[in-house]
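Undergrad: Numbering (my numbering), first residue to last: 399 to 632.
By construction, these hints were calculated from the structure, which means they are not laboratory data. Check before you lean on any hint, since a few could be wrong.
Claimed, not checked - Quick list of in silico lysine-lysine cross-link-like pairs, DSS-like style, CA-CA up to 25 Å: (1) 563 to 607; (2) 475 to 563; (3) 474 to 511; (4) 511 to 475; (5) 474 to 610.
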Amino acid sequence: MKGRERLFQHQLLKGRVDALVVISLPPTEEEFESMLGLGIPIALVGMHHAQCSSVAIDDVAGARTATQHLVNLGHKKIGLLSGRPDDPFGFSVPQDRRNGFMQVLAESGLEWKPAREVYGDFTMHGASRAMDDLLARPDRPTAIFAQSDEMALGALQAIRRNGLKVPDDISIIGFDGHEMAEFSDLTTIEQPVQLMGEMAAWSIMERLKSPKSESHSLTLPTTLVVRNSTRRLD
399 MKGRERLFQH QLLKGRVDAL VVISLPPTEE EFESMLGLGI PIALVGMHHA
449 QCSSVAIDDV AGARTATQHL VNLGHKKIGL LSGRPDDPFG FSVPQDRRNG
499 FMQVLAESGL EWKPAREVYG DFTMHGASRA MDDLLARPDR PTAIFAQSDE
549 MALGALQAIR RNGLKVPDDI SIIGFDGHEM AEFSDLTTIE QPVQLMGEMA
599 AWSIMERLKS PKSESHSLTL PTTLVVRNST RRLD
């Protein structure tokens with residue numbers, strides 16, 4: 399948090415920037431007020447705010463697509479590899495993706511057991527450790543929805559370390575479209591990262607050219623990319 403305070407109290411407030419792009423990490427309301435007070439163009443990536451131009455994806459819809467893919471393949475015992483239960487930075491992503499997952503389970507009439515959820519802290523190492531824990535529990539899931547590709551990659555390590563095969567013994571789907579997902583043959587929900595960056599840059603340039611132009615709020619679709627980490631149950 400000290401790094402954030404240093405950024406807002408020194409660099410930004412001393413007028414060292416002509417525009418600002420905020421990616422992923424949600425500013426607090428106090429930080430928003432500090433940014434807006436600078437009177438410079440601001441673009442948000444991965445979140446929305448009424449007073450700024452922004453571009454993001456619908457994380458709930460993306461998680462719904464991921465979960466529905468597993469349900470369509472015949473999976474009924476689906477585990478959830480979440481980020482963390484209480485996020486200190488105010489990220490909405492973990493809860494949004496969890497909500498989408500839970501919505502599809504409820505709509506499909508599938509029973510949810512809390513023991514099928516573990517927390518990987520959005521890291522490969524954390525997910526690998528969490529997956530070891532999940533695999534040691536009774537009534538092992540036949541499929542896993544990981545809230546990020548990085549966690550899915552860590553889960554893959556744990557699954558193989560425990561002598562199981564993907565997707566023969568367990569299917570897994572990630573989220574984000576990480577560059578390693580294709581290399582690992584991971585089914586994922588891909589978000590248009592490059593396009594989001596381009597749209598944020600465009601909005602900044604428009605505001606620099608026309609300071610009184612209106613802000614824009616865009617929500618871009620995600621894409622299901624099916625590879626060989628998921629399979630239909632026999």
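Undergrad: Would you mind marking each hint as holding or not holding in the structure?
TA: Each hint tested on the structure:
no. : hint       : result
1   : 563 to 607 : 55 Å, violated
2   : 475 to 563 : 17 Å, holds
3   : 474 to 511 : 11 Å, holds
4   : 511 to 475 : 9 Å, holds
5   : 474 to 610 : 53 Å, violated
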